[in-house]
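Residue numbers (numbering that gives the first Met the number 0), protein chains in the order written: chain A, 0 to 197; chain B, 0 to 335; chain C, 0 to 556.
Hints in this document: simulated from the structure, not taken from any laboratory.
The structure presented is a predicted model; accordingly, all values stated were derived computationally and were not measured.
Treat the hints with care, as some may be off.
Facing chain B, a subset of chain C residues (Cβ under 8 Å, in silico) [to be verified]:
#1 F66
#2 S68
#3 P163
#4 G164
#5 H165
#6 A252
#7 S326
#8 I330
#9 T331
#10 L392
#11 V396
#12 R470
Even glycine gets a Cβ: it sits at the ideal position worked out from N, Cα and C.
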Amino acid sequence: MSAAAISLSEMQQPSGRPYRGKVAMACLIIAESAIFTIFVVAYLFYLGKSLTGPTPREVLETPIFFTICLLSSSLTIHYAGKFLERGERGAFLSLWSLTILLGGLFLFGTGREWYRLIYEHGLTISTNLFGTTYYSLVGLHAFHVSAGLIMLFMVAIFAFSGRVGTEHSRRVEVLSLYWHFVDAVWVVVFTVVYVLGR
Amino acid sequence: MRSVAFLPCCMTTVAVAHASMGSTNIFAPQSTPARSIFHLSILVLTITGIIFVVVSTLLLYSILKFRSTSATANSEPAQVYGSTQIELAWTVIPILIVVVLFVATARGIHEIQDAPEPESAVEVTVIGHQFWWEYRYPQLGVVTANELHIPVSDPAHPKPTFLQLLSADTDHSFWVPELAGKTDLIPNHPNRMWMDPQRTGIIVGQCAQYCGTQHAKMLLRVSVDSPEDFAEWVREQQQPAIADERVAAGKRVFETTACINCHSISGTVANGRFGPDLTHLMSRTTIAAGAALNTPENLGLWIENPDAIKRGSLMPAMQLSKSEREALVGYLETLR
Amino acid sequence: MSSDAIIIPGGRVEGKPWVDALQDWVTTVDHKRIGILYIVYALIFLLLGGFEVLIIRIQLMHSRIDFVSPQVFNRMFTMHGTTMIFFVAMPVLFGFANYLVPLMVGARDMAFPRLNAFSFWLSAFGGLLLYFSFLGGSGLYGAGNAPDVGWWAYAPLTARAFSPGHSSDYWTLALLVSGFGSIGTAINIISTTLCLRCPGMRLSRMPLLVWLNLVMAGMVLIVITPLSAAQIMLLVDRYLGGHFFDAQAGGSAVLWMHFFWIFGHPEVYILVIPAFAFVSEIIPVFSRKPIFGYPVMVAATVCIGFVSLSVWAHHMFTVGMNSYANSFFAITTMAIGVPTGIKIFNWIGTMWGGRIQFKTPMLFSIGFLFQFLISGLTGIMLACVPFDWQLSLSYFVVAHFHYVIVGGILFALFAAFYYWYPKMTGRMLSERLGKWHFWLFFIGFHLTFDVMHVPGLLGMPRRIYTYEPGRGWDTLNLIVTIGAFIQAVATLVFVWNLISSYFNGAEAGNDPWDAWTLEWSTSSPPPTYNFATVPEVASRRPLWDLKHPEDPDSQYE
Chain A
0 MSAAAISLSE MQQPSGRPYR GKVAMACLII AESAIFTIFV VAYLFYLGKS LTGPTPREVL
60 ETPIFFTICL LSSSLTIHYA GKFLERGERG AFLSLWSLTI LLGGLFLFGT GREWYRLIYE
120 HGLTISTNLF GTTYYSLVGL HAFHVSAGLI MLFMVAIFAF SGRVGTEHSR RVEVLSLYWH
180 FVDAVWVVVF TVVYVLGR
Chain B
0 MRSVAFLPCC MTTVAVAHAS MGSTNIFAPQ STPARSIFHL SILVLTITGI IFVVVSTLLL
60 YSILKFRSTS ATANSEPAQV YGSTQIELAW TVIPILIVVV LFVATARGIH EIQDAPEPES
120 AVEVTVIGHQ FWWEYRYPQL GVVTANELHI PVSDPAHPKP TFLQLLSADT DHSFWVPELA
180 GKTDLIPNHP NRMWMDPQRT GIIVGQCAQY CGTQHAKMLL RVSVDSPEDF AEWVREQQQP
240 AIADERVAAG KRVFETTACI NCHSISGTVA NGRFGPDLTH LMSRTTIAAG AALNTPENLG
300 LWIENPDAIK RGSLMPAMQL SKSEREALVG YLETLR
Chain C
0 MSSDAIIIPG GRVEGKPWVD ALQDWVTTVD HKRIGILYIV YALIFLLLGG FEVLIIRIQL
60 MHSRIDFVSP QVFNRMFTMH GTTMIFFVAM PVLFGFANYL VPLMVGARDM AFPRLNAFSF
120 WLSAFGGLLL YFSFLGGSGL YGAGNAPDVG WWAYAPLTAR AFSPGHSSDY WTLALLVSGF
180 GSIGTAINII STTLCLRCPG MRLSRMPLLV WLNLVMAGMV LIVITPLSAA QIMLLVDRYL
240 GGHFFDAQAG GSAVLWMHFF WIFGHPEVYI LVIPAFAFVS EIIPVFSRKP IFGYPVMVAA
300 TVCIGFVSLS VWAHHMFTVG MNSYANSFFA ITTMAIGVPT GIKIFNWIGT MWGGRIQFKT
360 PMLFSIGFLF QFLISGLTGI MLACVPFDWQ LSLSYFVVAH FHYVIVGGIL FALFAAFYYW
420 YPKMTGRMLS ERLGKWHFWL FFIGFHLTFD VMHVPGLLGM PRRIYTYEPG RGWDTLNLIV
480 TIGAFIQAVA TLVFVWNLIS SYFNGAEAGN DPWDAWTLEW STSSPPPTYN FATVPEVASR
540 RPLWDLKHPE DPDSQYE
């Protein structure tokens, strides 16, 4: 019999201390912010420095609709969490699924835009500095959206099989924090790429 | 490898090579930037020296004075938690020291980095390669490699040399300690440095930024010439290659093998830029960026088996027959 | 030594079959065991990294030595640097943090035990991946396919054009993976410190070791991912045809340098702050006084943490930044010397008026103080930019940073080993061997690293596999090499001490040093659950309060 780990869910944290899940997610968000900052810096540094090829102004189309999708998904996930806290599992499930749908739509939009850029404008990651920095930055964000969607989807599966209740609302809130972060990063990326960059 | 016997004999030659002269002492400056740094270093060393003496004395004193002895072993000393005044003192004093050092530093930076380029300056474009140095004198129409000639500078009428630093491949760094601090050569990032040596002679250094396998043998050799010697050298370098009929066979070997892909010899079909310009090869004391003395034996070895002199350099073994090689070396020997 | 041992009066329990014990260790989520795993792992890599440096030192002990080829040499210095920073220093410091932080805050484990184990195995895998590179390529004696681009892997040397083959990829992937492990550990340290402190332990009552590891963990979060970002960019360049660092397409080699050093400089503070933590616990105990100026020590550390994020380009003074940029980084680099100096003064202030006991942990701590002072001063010299234009990229810098890492961090680590080994194993390390270890290492260290400054001053660049005679570097390098071998012997003495004391060392008991923090209130080694009852504290030195009820710290704080 191996030495059993002390289960921390059984043992309460000393009173007055913050919830460890939230602290951990805050830490993860700090680390992720740093990685995005570096990609944003590279993007900004290389603006206008491509030696060849399509420029942002020539090829980029502002993805207003899909941005609205992603940003609204922050609202839906927020209210989903509130409903779960109050025990209204039906409402929670609907809003949670809507969040996944909106996130999925955003990814679809990114995919569609990339298809257009690659096949209509010939812009790939190896075309020029703009291509390299654009696909890396937007791609890194899309990767984080995908990872988030996978997590949301897993929660949805548990929720649909009746396993998610009010007692899990703290953990669900931690996941929502991640999702809010992903949206906040999109605000920055959107501004840098589609507003400043053109 | 064709001549196995040739090898050991050449290994010995290379091993004997040259008694490498050359002081690279940063405290023996021969040029204004190096001297400016030297003066700053004296100030810094003095200040840090004093700090070292004071603090280590305190440390030593505390070790000796506050040792636990058999008399005191069984009781605890007074439990002191801190002192605001002392903390203040040993915050303020270091800040003052920092201010002094920073002012001296900022002045030194500005003096060297922002020095204006006078009309009389000699301009050289230095291009770093793996693992050799290319020198171009745009005002004078001179292209050479590995051994830099610059004129001596009279402090009354300064004639500094300004270097523009470029790179053809990876990062390098130009470091001749007695002439100046080092500055890197980075692709796509031109840099600028200057020097005004006040004594004639040979001053050495080497590449200081790891650039690949043979970073260690990318040596620098600067010949500080009197004005007459410098003018003479420039004149010679401006001439096209000497065309000596007696070595026509060797010249033919050169022109019909892959040599011309990498090397240039003005006045011939060879205009490769990947390797050093050989037009005045015999005006140089060393070959392979200082890795070996410029002798016929070493030249032959370099062509036959570059790895014996500089393993991992980008010069390929040329796979010539013995007679071809000897003819070629004979030709190269005429390129004064 | 197993905390699973059950004592049956009059009976004898058989030892566990080794397979089960192995499974216990591999699947453990106990912070103490994970800590020990990290430490043992680091010691193995210390020996490997040490072996690499002995090859370097043999090659360099005289001009024109042909002991190894340039290709092998270049792999050796790259692997030595990468190993020591990422697979020795980081793991061993994380190991101590893992072991001590929960105990010192009165918790039963880290906040996320499974994440803790996962982080360890990620980092461990990174090291194995890096060393796997020795196989294949040009074979083991040709040092295989090991990275040979220096531990900073400057662009464009790492581009496909200049590094064909996979050696750079081993560097990139191994560090990427272990970097994620580091982030996991940092998350754990912060969550444990903020969320699991026992009742009564306000932040202002935490041991300095906990405070300093908190600052370190915060820095890890901020600076490791920039390196990961740069490495991802490098992979994009190498495999997807990207141009982040491709000069031909307008990319910038200098950008790599900025990204690397934004990680690289704070990284060395990440390494040194836990070393500060060790001596901040050890010096008070062996001076029999509390740390002088606890709040100032905390403030100075936080200050160092922040300022260290603004000094990075002092590694790039020769790169050709303009004079304003150079001046900015000069002032920030000099500024960080102020809080660091304050800490040195506070340590001396702790010893002042004390009753100093020269046990082995204290010997190493005093060595730390002396050597860290010197390395701080050579650091100030390097901050004076024009002086740095001579000193940078030379053996002066190599001497400086080894002075910090070996003379500072490693000495503090040795102190920590001798201090906490009794807690971890229940046995005391031999004082006699400890003193041999200290003096041998001290002599070897100074022989090597004091002398090493001089070739730098005489123009010897770093990362060269050989050098010309007649530059005046030969004898100096010979002395450096001799010192290296003496340090190697001292290290072997240490390893022998670790092993033999495990079996023959004196019983330690709970509190062999008469110390004051919570880890000494429980048995040696502690049970899996750490404390029988969750402690409650009223001051920074809870055990002092218990031992001196007539004059508790709680009265003064």
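Verification of the hints:
| no. | hint | result |
| --- | --- | --- |
| 1 | F66 | violated, 13 Å |
| 2 | S68 | holds, 6 Å |
| 3 | P163 | violated, 12 Å |
| 4 | G164 | violated, 13 Å |
| 5 | H165 | violated, 17 Å |
| 6 | A252 | holds, 5 Å |
| 7 | S326 | holds, 5 Å |
| 8 | I330 | holds, 5 Å |
| 9 | T331 | violated, 10 Å |
| 10 | L392 | holds, 4 Å |
| 11 | V396 | violated, 10 Å |
| 12 | R470 | holds, 6 Å |
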